[in-house]
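Using the sequences provided together with the hints, build the complete structure.
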Amino acid sequence: DQQVKQNSPSLSVQEGRISILNCDYTNSMFDYFLWYKKYPAEGPTFLISISSIKDKNEDGRFTVFLNKSAKHLSLHIVPSQPGDSAVYFCAASGTGNAGKSTFGDGTTLTVKP
Amino acid sequence: DTGVSQDPRHKITKRGQNVTFRCDPISEHNRLYWYRQTLGQGPEFLTYFQNEAQLEKSRLLSDRFSAERPKGSFSTLEIQRTEQGDSAMYLCASSPASGRKYNEQFFGPGTRLTVL
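Sequence order for the protein chains is A and B. Just so we're aligned: the first sequence equals residues 1 to 113 in the working numbering. Just so we're aligned: the second sequence equals residues 1001 to 1116 in the working numbering.
Treat the hints as calculated values from the structure; they're not laboratory data. Be aware that one or more of the hints could be misleading.
A short, non-exhaustive set of chain A residues, derived as facing chain B with CB atoms under 7 Å [unchecked claim]: (1) D31; (2) Y39; (3) G43; (4) P44; (5) F62; (6) F65; (7) K68; (8) G99; (9) F103; (10) G104; (11) G106.
All C-beta atoms in this analysis are idealised placements derived from N, C-alpha and C, irrespective of residue type, glycine included.
Shown next as structure tokens:
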């Protein structure tokens, strides 16, 4: 049973527009959520995170929204840039899990110039 | 701080051979994780160390897999009697044991294993 799901394998947006990447989770014990970005031939790189005590966290062009009742989070990138083209992984961890993360399968974002 | 490094970056081996991968974490990070990633999937947790102690192992880690972190610094992951199903990217990550960033993992570039 996959506990973290990213139902859209790919997303294509025009430069300057908003990119919205979605993630759903099933485990109620998760209380910390992260987004990682991965370029080809590199390991994932941390992008932004949110604790379950918040419903929004913003860092520059990146905003993560958390809806605990729906067990859903989303990553908004605005404005999108061609350099944002990468695979984005949603990850979740729980208190007492020693930071171990459960990852979704990723969404490939393509930002067209 | 040069980040997390992994060696080798690529490994091609024949079925039945043993392979060993090395990970050098960020020096001040107490925690070290191994993940496996196959095509089209996200990283799957394999095992985790805090300093030299291996505190958790996934059921994905069969008895052919063994990991060590002898002095609480670098770590090795060995796969014995490799099978074609072991072909994957093996990722190492590290994180501090406490502080604001303890949930954030810093990943290495990975070792891509191909078993023929």
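Measuring from the C-beta of A/F103 to each C-beta in chain B, is the shortest one below 7 Å?
-> Where the cut-off is 7 Å and the nearest Cβ of chain B is about 3 Å from A/F103, the hint holds.
Mind checking the CB of A/F62 against every CB in chain B and telling me if the closest is under 7 Å?
-> 14 Å, violated
Hint status (Cβ of A/K68 to nearest Cβ of chain B, threshold 7 Å) | 17 Å, violated
Can A/F65 be said to touch chain B, with a Cβ gap under 7 Å?
-> 18 Å, violated
Status of the hint placing A/G43 at chain B (closest C-beta pair under 7 Å) = Holds, because the Cβ-Cβ distance from A/G43 to chain B comes to roughly 3 Å (cut-off 7 Å).
When the nearest CB of chain B is found for A/P44, is that gap smaller than 7 Å?
-> 5 Å, holds
Chain B contact restraint for A/D31 - C-beta distance below 7 Å | 10 Å, violated
Can we keep the A/G99 interface hint, with Cβ of chain B closer than 7 Å?
-> 5 Å, holds
Given A/G106 as an interface hint, is the shortest Cβ-Cβ distance to chain B below 7 Å?
-> 6 Å, holds
Could you check if A/G104 really has its C-beta closer than 7 Å to a C-beta on chain B?
-> This hint holds: A/G104 lies near chain B, its Cβ roughly 5 Å from the closest one there, short of 7 Å.
Is the shortest C-beta separation between A/Y39 and chain B less than 7 Å?
-> Violated. Min distance 10 Å.
Consistency with the previously given hints fails for numbers 1, 2, 5, 6, 7, ordered from lowest to highest.
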